[in-house]
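Number of protein chains: 2
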Amino acid sequence: MSKKWVYFFGNGKAEGKGTDKELLGGKGAGLAEMTNISIPVPPGFTITTEACVEYYSNNQQYPEGLTTQMIEAMGKLETAVGKNFGDIACPLLVSVRSGARVSMPGMMDTVLNLGLNDETVKGLASSSGNERFAYDSYRRFIQMFGDVVLGVGHGKFERLLTDMKRAKNVDEDTKLDAADLKKLVDQYKDVVSTETGRNFPQEPKEQLKLAVNAVFESWNNQRAKTYRKINKIPHEWGTGVNVQAMVFGNMGDDCGTGVAFTRNPSTGDKEFFGEFLINAQGEDVVAGIRTPNPIIELKTVMPEAFAQLEKVYQTLEKHYKDVQDIEFTIEKNKLYMLQTRSGKRTAKAAVKIAYDMFREGLIDKRTAVLRVAPQQVDQLLHPMIDPKSSYDAVAKGLPASPGAAVGKAVFTAEEAESWAQRGEAVILVRKETSPEDIGGMHAAQGILTATGGMTSHAAVVARGMGKCCVAGCGSINIDEKGRKFTVGGHLIKEGDFITINGTTGEVILGQVELIEPSLSGEFAEILTWADEFRTLGVRANADTPHDAQVARDFGAEGIGLCRTEHMFFDGDRIDAVREMILAYDVDGRKKALEKVKPYQREDFEGLFKVMEGLPVTIRLLDPPLHEFIPHTDEDVEKVSKASGIAFDRLKRKAQELHEFNPMLGHRGCRLAVTFPEIYEMQAYAIFEAACKLKKEGVNVIPEVMIPLVGHYKELEELKELVDNVAAEVMEKTGVKVDYLVGTMIELPRAALTADEIAAHAQFFSFGTNDLTQTALGISRDDAGKFLPQYVEKGIFKEDPFVSIDQSGVGQLVEMGVAKGRSVRKELKTGICGEHGGDPDSIAFCQKAGLNYVSCSPYRVPVARLAAAHAALKG
Amino acid sequence: MSKKWVYFFGNGKAEGKGTDKELLGGKGAGLAEMTNISIPVPPGFTITTEACVEYYSNNQQYPEGLTTQMIEAMGKLETAVGKNFGDIACPLLVSVRSGARVSMPGMMDTVLNLGLNDETVKGLASSSGNERFAYDSYRRFIQMFGDVVLGVGHGKFERLLTDMKRAKNVDEDTKLDAADLKKLVDQYKDVVSTETGRNFPQEPKEQLKLAVNAVFESWNNQRAKTYRKINKIPHEWGTGVNVQAMVFGNMGDDCGTGVAFTRNPSTGDKEFFGEFLINAQGEDVVAGIRTPNPIIELKTVMPEAFAQLEKVYQTLEKHYKDVQDIEFTIEKNKLYMLQTRSGKRTAKAAVKIAYDMFREGLIDKRTAVLRVAPQQVDQLLHPMIDPKSSYDAVAKGLPASPGAAVGKAVFTAEEAESWAQRGEAVILVRKETSPEDIGGMHAAQGILTATGGMTSHAAVVARGMGKCCVAGCGSINIDEKGRKFTVGGHLIKEGDFITINGTTGEVILGQVELIEPSLSGEFAEILTWADEFRTLGVRANADTPHDAQVARDFGAEGIGLCRTEHMFFDGDRIDAVREMILAYDVDGRKKALEKVKPYQREDFEGLFKVMEGLPVTIRLLDPPLHEFIPHTDEDVEKVSKASGIAFDRLKRKAQELHEFNPMLGHRGCRLAVTFPEIYEMQAYAIFEAACKLKKEGVNVIPEVMIPLVGHYKELEELKELVDNVAAEVMEKTGVKVDYLVGTMIELPRAALTADEIAAHAQFFSFGTNDLTQTALGISRDDAGKFLPQYVEKGIFKEDPFVSIDQSGVGQLVEMGVAKGRSVRKELKTGICGEHGGDPDSIAFCQKAGLNYVSCSPYRVPVARLAAAHAALKG
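Residue numbers (full-length UniProt numbering), protein chains in the order written: chain A, 1 to 874; chain X, 1 to 874.
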């Protein structure tokens, strides 16, 4: 017997259920579940995602048994509906929709009204008593089928529709009558013949087979692949296909169609939210072609249907205990549900909804925390327009995705991508966006569209990405070819700065000051709940008192990485640093370092004060010395003039210090093995600052970190140096400060010999940036020439500099922890690479048994939440 | 009870034995063993190396019990000799000599005639009836004790001796009479008082304690530390101290002293070899102050003593079954042995002696193979003067260490080091060398001295280092200050080229053509024996048919690494390569690659022919493309003119390809993941060549190697590419060629995920150069600024690019082998980094279970021998 590829639903009973998402896809599972809980759903059947996978591994052929099972299911469907597929008198029409495990809105293909042909259309007209409706459905079918299945560009059909509307002098297609639509059907069929060289397929069974194939194929269209890449969806999953009896929103003014959320997905407010169109089919709403009406108006227009909808809302939220994103059609005042799924929401909404649902008793605290995706809350930490700034908005659109953005206007997705690659901040300005624009939307700071509603493509996608978006801003006039738009009397050309505010819908000329967000309200509360669950500590990478303060405000429990070299560049001190580098001997270096010391001491004092009571991990000098010396003749000239150091001397030094592979050169603790006086100065600065503050009553907890250790003897030697300085300073000041000396584990050899190193280290901090560079042999600065292709090809699932390479670098981290603890049971371990703020990497850190992660200050809330997720899921 | 620190020997019985080298040091063990086998040895006692170690860990204080044990042993010694230490009438005098586990000639200190003072010297004079002898001994004692123990420079004493000789108008110190020597003793004592502020110590017990301390201290003098570093002797070992009753070679013309080898340590010939001086003490021979007489003359001068010596020779060789390096003193025609140890020998001698001793039945084949140190045979593979070249020698010295060298003359060890660091080949020219010169000798290509014999410092050290050396070349007149020497009518200034031939003793002006050596005679035979024992295969790294032929002649069993990029530079092909790099698209690249292919095919044909019947591992393109493009404006200009490619285009490409860390950049298989056409071309060239030759009856065994794999998917993709090309070419030519596709393991990630990789690899070749660079995070090209200090400080025992870092990189190799074999049991594994020719690394490879090592052609014999040692010792 062949495998079960097809699952039927209808008559209040479904073969599948809501938890079968992997098998049936999200849409299929939702339809099955709604059927089972007696929500009105047109009957139909779902072809499994396994069938799609099998289709691809089977050389794009149907798996054995699929055809038979489809025929059987169609028979059941005919019985359930009481109509026959292809019946000339009263035809059963079906929709064919994709549905993957997770929603990929607009990425894959759909065909409605399938089963129509030159004969059945007449039967539909007579059985419905509505000829206009029948031909409207047929022209829609030809267009969708033509576009999706036969590859005829939809522009060709739309042009004919526009021409017809112009000829009839109407502005909406609902104003076209049956005769117009009949004519249009003929024109459409001609287009298909001309473009494909064959007539539009008339046989409903053939139509079905072709449509199912097309849905399977659409899994691998370019935009779907791009979407999956961005959203880290495995290419192996495949899509389900849902074949469902049509209900018609386009039968007249007692019909309609809409999409809605059970709560506001933008703000999270507990309110009906959505849009509908009278006398329309579903695609009209999401395509952004006609601007739909707010759902609340439905109460007035079709009170009966609205009441049904209201009841369904409540049932669904209670059943799913989460916000639902639904699609419905009203056929002659009767409501049919076509889809329900967990609603995508902005981070702000996710927080609000989780918080509210916990307060409402719908979910527990643990679930509330898990409902807020760490990846997403980064949005809440994005810039906003400074409330103190004054500006005039030149236009107002829909507040489709919150946050604010400043950038140069560009008018195509390609330009957005190429400008962004050059490092320009851009705002993508489009009449409406389409799935092809996905790359450009990703590259832009924000998106501004002229048409489309809150559930238009631009709005949905932007919210998913956490990009700020202003949608449906009708007052702007876009000239895409001319690369400009006008609004009011203003002309904005490509490259002109604009600011958009996705929270209010405002569009502003020029650059408005943005401010950094802060934690407050429900978000702060949810993070507090997260803190109750997480076991990983969260620290921040911060080099200045200001950054440290931000981090502390965001809940950092210490500083995991203070890069002292950043202090070397500031103001006058760079001169002393250069003097040190140019010195001929130890005495010369020491003299110059003496000048740097007071600055360093001051910096450390500032940090210690802000972080009072919390540990501050200070990494001693790490970069190669040539980073402090100018290199080009021009720069050498400039520095020479400013500093009074002879050009030749500077130039010679730069040449002398030149390295072929600076990443693997004379840096980190190697500097101190050859020039111990550098770390000595830094140790003095640290302990002088610490002792002074301790004396003043400030609780300081310094942790001195030696970078780039590869051999325990390096650490042994330098720990002794630090300990000696500490002892001397404490002796001199008469103050005792508790401190630790530890090391970065950022070279494979350090991880491999972590047992030897742990004998001399009081803590390990995994420097996964360098560890990734060395373990993979990939220079981050040079990887641009091949790494994107590697990710594209799936050699790496993700950029290993963004999310830790668990099977390679991860082994080294695990090895480092295990070996380190084998020698020093209570060894404190953390991570301070940029992976420290990446949720997947944080989950890995939890698994690897680290004590803390350290990340940039603005990622601290993300890390707190991710750590809670890791603890709850682990 | 305290530990036993002191071991007595005398009266035909010793507390220690010959195998106690670790405890007693080499000298102490030799004295004990000789005593036990009834060879005449003056009695004495040995203070153990453990006492020295304890002394250092005990804050430079004697360990508990040592003083008591020394007093007891001295009592026994007095009984054995029948004289008392400090006795005014007939004093016992002793020598105090260092003796570490392994010989460190001239590195540590010795004091003779200890026990003399203003009173006992009179007793010695009267008891010996030889006043001259007594005062000669006393002045020697003051000088040695003053120098070694009290830190008065020996130059101060020597100056007084020279003045005295001048005043008396004699040229040898034996010509000074007792009165002269008495005066000299007074002058010497004055020098000590002036220099040290106290009188020369008169109390023999104090003298002894001070002398023992001084020997302990001499373990850590600078030259001893340098010597240990060069010879890889652990600093922790410590030295033994031998206190032994004096016998006197300076009592008259029936006395003497000498050093000898039981066979010729330079050629290995079975002949008496050594030197002696009449009426002298031991130090006179090795110091090179008086030029000694060949040992054979002793037969004439002191036939009785010579006969004793001959007997001892035979006894010792039979007992030790190895060449002995001995020191003896003749006191009134009676022979006393002062030392025996395994004789250092040149590689040539080691081979000859091992071969002869096997033939003589003294040792078995296994021992014969183990007697030849792999590190050393490299010497035999060093350049010789081309026998076809004609030249006139301007001088002839002693052929002290074989081989030939060409270099610029320099006159101090410091200059030798600094010139060598600049990349200059130098010959160190010295009147005589001293232990302080060790660094300069190491840096030089060869050493030329004006005085000193075959056992002088220069000769012994040079042989140990495998450096060519001409010693005792009396006809050259060196002006060290003026940095020049004259010989005949010629003036040779610093920087002038000279050639020396250590095999003949010739000194030649200018540069003589040198030739590479070949395997022959006993050496070839020993290597054949080695092959019987070894289990590791030995291959060579060779890129050209010529190198492959050299490798095959040296016994290579295949090519382990052919770097195809070397072929890219040759002749015209670089133009096509540049055209490929500059191409705008795939087609352009393919067109250019088509031009490169015929060259590559030819190269491979050449290699396959030479290596017929043996595997040839071809690594596909590895270096980043910018290596083929000029970089400086000057070079760009040149190439632009020559190639007709526009300057700007070349320049732009160079900038575009620039990398910050090329070592970690777009190279290796990454090139082929982005530009598959490159490897495709190479695969065609390989298989077209292989199939053509196979058709002609040549047995070809290609092994295609993919470099820099970090992720199995890279290999999976590229193996498929190679397999496809192979199949196509074989199909087309109708010839089947067996081949393998494998990978380099040269990134930590590759080793860490070797199980995944092995699923797609038919062999692994560990690229330990890159693996060391990445695991340690050290760029070999940039390491010069800190790695020497790391080795100096003992952070790394040895340069990890020379000898594999077993505890770090070694773990990755072991992991790679284990994980690889866990998936593919019969996985072939090898090493092709430069470590493949390093004996210690080869021993590691044996332990790690590799199948073969691959090294440069000239190292193949070294590797064969080292592999045999590894198998025999493992």
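For the record, the hints were derived by calculation from the structure and aren't laboratory data.
Quantities reported herein were computed from a predicted structural model and do not represent experimental measurements.
Be a bit skeptical, because a hint or two may be false.
Since the list can't tell identical chains apart, any single copy or any two copies may satisfy a pair.
Unchecked claim - Derived pair list, reagent style DSBU-like, types lysine-lysine, alpha-carbon separation capped at 30 Å:
#1 K493 to K719
#2 K484 to K719
#3 K713 to K484
#4 K270 to K365
#5 K597 to K793
#6 K232 to K156
#7 K175 to K825
#8 K334 to K638
#9 K785 to K713
#10 K609 to K205
#11 K396 to K825
#12 K847 to K229
#13 K365 to K713
#14 K183 to K122
#15 K590 to K651
#16 K431 to K229
Verification of the supplied hints:
With identical chains, the CA atoms of K493 and K719 are never at most 30 Å apart, being 60 Å at best within one copy and 50 Å at best between copies. Proximity of K484 and K719 under a CA criterion of 30 Å is satisfied in neither setting, with 62 Å inside one chain copy and 50 Å between copies. For a Cα distance limit of 30 Å, the shortest separation of K713 from K484 qualifies neither inside one copy, at 64 Å, nor across copies, at 45 Å. Taking the shortest Cα distances, K270 and K365 sit within 30 Å of each other inside one copy (19 Å), while across copies they are farther apart (92 Å).
Taking CA atoms no more than 30 Å apart as the test, K597 paired with K793 passes between copies only; the shortest distance there is 28 Å, against 50 Å inside one copy. Taking the shortest alpha-carbon separations for K232 and K156, neither the intra-copy value of 34 Å nor the inter-copy value of 82 Å comes in at or below 30 Å. Proximity of K175 and K825 under a CA criterion of 30 Å is satisfied in neither setting, with 79 Å inside one chain copy and 75 Å between copies. In the homo-oligomer, the alpha carbons of K334 and K638 never lie at most 30 Å apart, since the shortest distance is 79 Å inside one protomer and 83 Å across protomers.
When the C-alpha separation of K785 and K713 is checked against a cutoff of 30 Å, the pair qualifies only between copies, where the shortest distance is 18 Å, while the shortest distance within a copy is 37 Å. In this assembly of identical chains, the alpha carbons of K609 and K205 never lie at most 30 Å apart, being 76 Å within a copy and 65 Å across copies at closest. Taking identical chains as interchangeable, the C-alpha atoms of K396 and K825 are never at most 30 Å apart, the minima being 61 Å within one chain and 69 Å between chains. Taking the shortest alpha-carbon separations for K847 and K229, only the intra-copy value of 25 Å comes in at or below 30 Å, while the best inter-copy value is 45 Å.
Taking identical chains as interchangeable, the C-alpha atoms of K365 and K713 are never at most 30 Å apart, the minima being 49 Å within one chain and 42 Å between chains. For the homomeric pair K183 and K122, the shortest alpha-carbon distance inside one copy (14 Å) is at most 30 Å, but the shortest distance between copies (142 Å) is not. With identical chains, the CA atoms of K590 and K651 are at most 30 Å apart within one copy only, with a shortest distance of 22 Å there and 43 Å across copies. In the homo-oligomer, the alpha carbons of K431 and K229 lie at most 30 Å apart inside one protomer (25 Å), although the nearest pairing across protomers, at 75 Å, exceeds that limit.
Checked against the numbered hints above, the structure breaks hints 1, 2, 3, 6, 7, 8, 10, 11, 13 and satisfies the rest.
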